[in-house]
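Chemist: Knowing the structure of chain B, use the given hints to seat chain H on it.
2 protein chains.
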Amino acid sequence: MKKIGVAILGLGVVGGGVYKVLTAHREFYMQTQGVDFTVESVVEPRIERIEALGVPKEKVASNVAEAVLNPDVQAVVECIGGVELARRYVLAALKAGKTVVTSNKELITKYSYELERAAKAHNAGLYYEASCVGGVPIIRTLLDGVQSDEITSLMGVISGTANYILTCMEGGNSFEEALAKATKSGITEPDPAADIEGTDAACKLALLSSLAFHTKVSPQKIFRESLGGVTKEDIEDGCRFGYRLKYLAIGRRAHAGLELHVHPAFIKKDHPLANVAGDLNAVYLTGEPVGEVMLLGKGAGEMPTAGAVVSDLIFAATHGEHRYSPYKNTASPDRETAFAEDFASAYFLRVNAADEAGMLSKISAILGRCGIAIESIFKTAKEDGTAKLTLITRPSHERAMKAALAKFAAAGHITVESLIRVAD
Amino acid sequence: MKKIGVAILGLGVVGGGVYKVLTAHREFYMQTQGVDFTVESVVEPRIERIEALGVPKEKVASNVAEAVLNPDVQAVVECIGGVELARRYVLAALKAGKTVVTSNKELITKYSYELERAAKAHNAGLYYEASCVGGVPIIRTLLDGVQSDEITSLMGVISGTANYILTCMEGGNSFEEALAKATKSGITEPDPAADIEGTDAACKLALLSSLAFHTKVSPQKIFRESLGGVTKEDIEDGCRFGYRLKYLAIGRRAHAGLELHVHPAFIKKDHPLANVAGDLNAVYLTGEPVGEVMLLGKGAGEMPTAGAVVSDLIFAATHGEHRYSPYKNTASPDRETAFAEDFASAYFLRVNAADEAGMLSKISAILGRCGIAIESIFKTAKEDGTAKLTLITRPSHERAMKAALAKFAAAGHITVESLIRVAD
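First to last, the sequence lines map onto chains B and H. In terms of our numbering, the first sequence has 393 at position 306, counting the first letter as 1, and numbering is strictly consecutive. In terms of our numbering, the second sequence has 282 at position 195, counting the first letter as 1, and numbering is strictly consecutive.
Identical chains share a label here; the pair holds if one copy fits it or two copies do between them.
Derived pair list, reagent style EDC-like, types lysine to aspartate or glutamate, alpha-carbon separation capped at 20 Å:
1. Lys107 to Glu379
2. Lys355 to Glu257
3. Lys107 to Glu237
4. Lys107 to Glu375
5. Lys475 to Glu320
6. Lys192 to Glu284
7. Lys207 to Glu408
Hints in this document: simulated from the structure, not taken from any laboratory. From a predicted model like this one, the values you see are computed outputs, not experimental measurements.
Excised from the complex, chain B in its bound form (with noise of 0.2 Å):
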């Protein structure tokens, strides 16, 4: 029987809970890994949290180097939080030689090159599944299960927060209410702002790309709208058009580079990211030979997130070598891949005009001239002579839609009072 002593380094919500696991399922992965896990030590501050714990006294060490050091120990798990502390800390156990697993996306998506150099350099293992939608083994999947696939796209519900919105929106709660009861059930980061505007989403999509397409990304390459601005009236609108709407991260290889998106965005309702509600989180690829393919499940929270800790653990124990992240580009940073900026997506768009003889033709002219073809349109004639259009573009760039926001406002009598994107 493999023996592995284990280090836990912070007992938060994951750490705790990585604790909890270990413990509770030791038997079990004695019977079905062979392999024993054991908690040798762990670093937390706060007294009352090792005391409702139950970890016994000579397991808690008084400081991080303690823990990392001890010959009881051959694997480490970060789940201090943090970039700096976090990053010496992680440091200072690759270069002892051992395994660290970590759920910090932020240390990740910082600082991944210079741990996985230290990592190499001391032949330790440097795992991270925990760090990027939890609950969901897509990290493992993209390095070793669909390996084979060029991967063309990769979209994904990976804001629980606010999928968890959205669910509440369309069960007839305004953005406001709908944030409020996020917040008040715990499901949001600290700051509410990283789920809204799309930062949080942003790293998580930055580490996937990273994967999936075989580069370096960083989250400032990343194009980014906020959750803020939809309203109830947008849903109903693109439902009519068959559409749900969803937080999406886009990542997809085009023509001219690699094109990086988080924003909401319109999704065909049979399509399978569209009906992921409430706080599940899905990522979907698609790349040659293997076509679609999809993974769902609790992006966040104590018990999903210590699980993956533990089946890197687990990895780490059974598999004989360490494997890295398979970059094709291994210099620094985002230094040999191309970006394009002015990516192209179908739109929906909500317009109030004039009723008046003419205003249909003014409205496509206008989007004509700037290169724009209208897919589908849905008009309303309203009581206060004015008619509400609702309109689904083909495929348009960025650059022509801001071209023809600008022509819109020009013109005067038409105001453009949503703007949402249509993923395919």
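Modeler: Quick look at chain H alone, frame taken from chain B:
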């Protein structure tokens, strides 16, 4: 650069696909995986296949032994199909210490013990992702993605044909029309009965359950019910209760043992499996600590299946050691596992009865005497003096439902027109 010479036994749909993928993506695998795959040997009696694929003459072996024992070959892809010959060839390759990747479901279901033993004894690798739900990396996920999970249930839409038929029936086709469409489109197994009667799905469920529940299951232990009996009326009736009809494969760890069944089943419309349409496949896992995870993709087809074979080849080439199925039960199949035959489900029931006072009470009394409670009920009066009753029961044991059916038959004037399980 690691060099791996590959032999492909059989250039049928899958074997031919593997040849195409390895040839077309060779550069890509060199760049992203650091492995140079070359097809060193093929065995295929049909010259026209060899010519169509453009295999160089000098790579065509005159027999299997020549291909397998070729010193330039490190990995053997078995796509011959059938069982006994394939078994002999795979054993020969394993005994020569070669990695074997197979897409042969029947072979693995029937002989995995013997093959794994031979693989271990000769330090050879044995991989079979492609044998089960082709383009969905579910075997890798069970082995190396959610290993921390004590899986409590596994539900799958794993018959592409059955799912395609049900999707057509939702679109208005009768069962017969839908089956004819499926046969015409070429997605059925050579004998569509294997799809309709669930023998093919049972084979897959046996394999997946073996991995998910860390035991060894033979398909004979699996309860099966044909898709053949379902009607458009069933689908419409279930819809009123908020259900969609799927052909489900279910494995569940219950108190009395493993419950394994394949049958038509209603499932709530908002369940992720309910929206798996057309020829897509999906497997939905529930466990502790990970919670719920679903994988979705193409279950069959040349390219998805060939992609799965090549992902296995890459896994074997990039991971130093070989890893086998983590069966706790390492003796012969089924010996140490308890199987529960009397499993519990909720039921959908359509009953036709004389529309007279006391009829409802009579029906509910019969169910009640068998310990079956009613969850919800619709009644529709008909012009011929009878009434149609559709109802959903609370979870009830198979045995109880059989007893109730006997009582209905004995009571007279009550015809059970349809009885379909409801998955939770």
